[in-house]
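2 protein chains.
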Amino acid sequence: MVNFEDVEQAYHRIKQYVNHTPVMTSRTLNEIVEANVYLKCENFQRVGAFKPRGALNKILQLSNEEKSRGIVTHSSGNHAQAVALAGKLLGIKTVVVMPENAPQVKVDATKGYGAEVVRCDNNTESRVRTAEQLGEKHGYTLVHAYDDYNIIAGAGTAAYELIKEVGKLDYIFFPIGGGGLASGTIIASKGMIPDIEIIGVEPEKADDAFRSLRDNVIYPSPYPNTIADGLRTQLSEKTFGIIKKYNTKIITVTENEIVDAMKFLWERMKIVVEPSGAVPLAGILKLEENLRKKQVGGIISGGNVELNDFFKIFYDKISLT
Amino acid sequence: MVNFEDVEQAYHRIKQYVNHTPVMTSRTLNEIVEANVYLKCENFQRVGAFKPRGALNKILQLSNEEKSRGIVTHSSGNHAQAVALAGKLLGIKTVVVMPENAPQVKVDATKGYGAEVVRCDNNTESRVRTAEQLGEKHGYTLVHAYDDYNIIAGAGTAAYELIKEVGKLDYIFFPIGGGGLASGTIIASKGMIPDIEIIGVEPEKADDAFRSLRDNVIYPSPYPNTIADGLRTQLSEKTFGIIKKYNTKIITVTENEIVDAMKFLWERMKIVVEPSGAVPLAGILKLEENLRKKQVGGIISGGNVELNDFFKIFYDKISLT
Numbered sequence: 000m001v002n003f004e005d006v007e008q009a010y011h012r013i014k015q016y017v018n019h020t021p022v023m024t025s026r027t028l029n030e031i032v033e034a035n036v037y038l039k040c041e042n043f044q045r046v047g048a049f050k051p052r053g054a055l056n057k058i059l060q061l062s063n064e065e066k067s068r069g070i071v072t073h074s075s076g077n078h079a080q081a082v083a084l085a086g087k088l089l090g091i092k093t094v095v096v097m098p099e100n101a102p103q104v105k106v107d108a109t110k111g112y113g114a115e116v117v118r119c120d121n122n123t124e125s126r127v128r129t130a131e132q133l134g135e136k137h138g139y140t141l142v143h144a145y146d147d148y149n150i151i152a153g154a155g156t157a158a159y160e161l162i163k164e165v166g167k168l169d170y171i172f173f174p175i176g177g178g179g180l181a182s183g184t185i186i187a188s189k190g191m192i193p194d195i196e197i198i199g200v201e202p203e204k205a206d207d208a209f210r211s212l213r214d215n216v217i218y219p220s221p222y223p224n225t226i227a228d229g230l231r232t233q234l235s236e237k238t239f240g241i242i243k244k245y246n247t248k249i250i251t252v253t254e255n256e257i258v259d260a261m262k263f264l265w266e267r268m269k270i271v272v273e274p275s276g277a278v279p280l281a282g283i284l285k286l287e288e289n290l291r292k293k294q295v296g297g298i299i300s301g302g303n304v305e306l307n308d309f310f311k312i313f314y315d316k317i318s319l320t
Numbered sequence: 000m001v002n003f004e005d006v007e008q009a010y011h012r013i014k015q016y017v018n019h020t021p022v023m024t025s026r027t028l029n030e031i032v033e034a035n036v037y038l039k040c041e042n043f044q045r046v047g048a049f050k051p052r053g054a055l056n057k058i059l060q061l062s063n064e065e066k067s068r069g070i071v072t073h074s075s076g077n078h079a080q081a082v083a084l085a086g087k088l089l090g091i092k093t094v095v096v097m098p099e100n101a102p103q104v105k106v107d108a109t110k111g112y113g114a115e116v117v118r119c120d121n122n123t124e125s126r127v128r129t130a131e132q133l134g135e136k137h138g139y140t141l142v143h144a145y146d147d148y149n150i151i152a153g154a155g156t157a158a159y160e161l162i163k164e165v166g167k168l169d170y171i172f173f174p175i176g177g178g179g180l181a182s183g184t185i186i187a188s189k190g191m192i193p194d195i196e197i198i199g200v201e202p203e204k205a206d207d208a209f210r211s212l213r214d215n216v217i218y219p220s221p222y223p224n225t226i227a228d229g230l231r232t233q234l235s236e237k238t239f240g241i242i243k244k245y246n247t248k249i250i251t252v253t254e255n256e257i258v259d260a261m262k263f264l265w266e267r268m269k270i271v272v273e274p275s276g277a278v279p280l281a282g283i284l285k286l287e288e289n290l291r292k293k294q295v296g297g298i299i300s301g302g303n304v305e306l307n308d309f310f311k312i313f314y315d316k317i318s319l320t
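In order, the protein sequence lines correspond to chains A and B. Just so we're aligned, residue 0 is where the first sequence starts under numbering that gives the first Met the number 0, counting upward by one. Just so we're aligned, residue 0 is where the second sequence starts under numbering that gives the first Met the number 0, counting upward by one.
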């Protein structure tokens with residue numbers, strides 16, 4: 000299991016390696032919600048998402064022998080770069096299994112941190128099998144993206160820093176994908192503020208956690224086509240256990256609500272946030288009537304958005320003049 | 000004239016009304032430049048740009064009689080909203096003259112702060128004449144966007160806050176349009192660090208300040224078609240005087256260099272910056288070989304970008320799924 004003390008220890012263990020990201024506020028947002036909203040901006044974290052917190056907390060606790068053998072993970076997203084960064088910072092051999100259809104920019108970024116990238120077929124079974132086989136063959140330790148108490152405790156340090164900085168919160172909103180960030184946020188928040196209301200937010204199109212909690216069974220999340228690509232994964236035994244134990248409330252938001260929240264963050268708050276990272280704000284805006292006069296926290300999980308299509312508009316504009 | 004003491008007084012005068020904006024850094028940027036680069040992020044300022052600093056410093060110093068009569072300005076850009084905000088905060092009747100072709104979103108935002116918007120023809124003479132006539136008729140005080148020592152001193156408070164926070168700088172980079180931000184930055188920086196190198200950056204396509212300084216005459220800047228729409232204005236007597244007096248170095252950057260710098264800020268630093276605001280970073284990247292091991296400051300002037308075209312890409316994407 001994992002407790003508040005684990006989050007606190009994770010904070011001290013990783014703090015020299017990660018960014019202490021800013022908490023941002025907006026007068027306009029506070030006027031809309033009629034509350035004080037504090038957004039912990041992990042889009043400003045190294046590699047552009049909260050993921051290095053968990054990866055570093057995990058890898059720093061390996062034995063010297065495990066470190067000398069190396070680590071392996073499978074991911075097509077932010078976790079891949081986080082593990083690669085951690086491996087580089089700690090001087091550990093790192094192998095990342097990525098599907099053939101992973102965007103080249105993510106493959107390049109992962110290699111840029113010095114990791115070895117091994118390609119696999121475009122399905123979860125192939126990813127898992129390839130990583131496990133490499134682990135068995137070479138003695139690499141598998142670093143899972145979320146089904147690991149050390150990853151969860153590390154992820155919880157974002158909420159820990161938020162509450163340390165702003166004090167008592169009445170509510171905290173966070174995205175739910177595989178449940179790693181959710182579980183860590185729950186443990187940190189409840190450890191610091193026992194009566195805080197914890198609200199996980201999930202895309203309606205990938206509402207497996209909502210249904211899992213309702214029916215008390217882990218549902219798979221087979222390729223849901225939500226724009227919030229970081230939230231397409233299903234819960235694990237460990238994350239589901241924590242989410243259940245603390246009576247988490249889960250709400251869902253539509254694709255339009257996600258993009259509207261994202262646009263607010265870019266346009267009014269001037270920060271680049273990825274769709275998954277905007278999901279908690281979509282939840283805050285959805286529940287705004289319940290939040291009047293409250294202290295409300297939100298975890299903005301990341302800001303990695305492919306901007307080439309966007310910037311084509313600018314490059315086209317200057318080529319015409 | 001305007002001195003460092005005026006900037007210091009402006010800082011204390013306006014600080015309760017403006018945001019103390021963050022100074023942001025980037026490991027990647029520091030590695031590219033091989034220097035420590037500190038960006039003062041006025042895109043996080045109220046109304047999304049540095050402009051309220053000058054407007055508030057000006058308007059707070061009006062006599063009670065002047066305040067009771069009201070203020071007028073002409074602008075199609077960030078200055079319009081800044082004056083409207085200042086008028087609202089201080090309870091002063093505010094009239095903003097905007098050309099017929101001003102974007103509706105800017106007209107609406109200005110009205111949203113409670114200002115009266117008067118439309119005029121799409122040329123500078125019409126703007127100036129309309130504002131002056133309204134001033135004469137109603138006794139409104141004209142709040143110029145930059146040709147005013149109180150506006151200049153207010154604009155200088157951004158650099159003042161930057162240097163207060165990070166200490167000794169070897170260089171400071173800033174954009175040059177009408178020269179208000181440039182002049183204020185120069186006075187603040189030289190007042191705090193006499194041997195600092197001050198470098199104004201201008202689009203090659205609107206290089207009137209560069210040529211003005213070279214030839215010692217103020218050149219007009221008739222509708223240059225740079226993407227940096229905040230920098231299309233020409234210097235005034237007051238701003239030209241300050242820029243000359245302190246031996247400012249002016250460098251120019253291409254349209255491509257501006258968009259590349261902007262893309263870096265969005266993609267790597269996760270902040271939304273408008274083209275004019277990215278111009279100083281384009282200058283830093285252009286001179287990087289001269290900046291090795293130095294302490295380098297930059298003023299990111301604003302972040303107001305029309306995002307509807309961008310977000311159409313996202314809204315289209317979710318409507319397909």
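Watch out, some of these pointers could steer you wrong.
The calculated DSS-like cross-link candidates involving lysine-lysine, where the alpha carbons are at most 30 Å apart (straight line), are [claimed, not checked]:
no.	chain 1	residue 1	chain 2	residue 2
1	A	Lys167	B	Lys136
2	A	Lys167	A	Lys66
3	B	Lys136	B	Lys87
4	A	Lys311	B	Lys105
Example chain A residues on the side facing chain B (calculated, C-beta under 10 Å, incomplete) [to be verified]:
no.	residue
5	His19
6	Leu59
7	Ser62
8	Asn63
9	Asn255
10	Lys262
11	Pro274
Far from chain A by the CB rule (all over 12 Å, computed), these chain B residues [as the list claims (entries may be wrong)]:
no.	residue
12	Lys14
13	Met23
14	Asn100
15	Glu124
16	Ile192
17	Val216
18	Glu288
19	Asn289
20	Lys292
21	Phe309
22	Lys311
23	Ser318
Derived from the structure by calculation, the hints contain no laboratory data. Bear in mind that the values here come from a model prediction, so they are computed numbers and not experimental data. Ideal placement from N, C-alpha and C gives every residue a C-beta, glycine not left out.
**Message:** Need the list of violated hint numbers for this structure, in ascending order.
**Reply:** 1, 2, 5, 6, 7, 8, 13, 21, 22, 23
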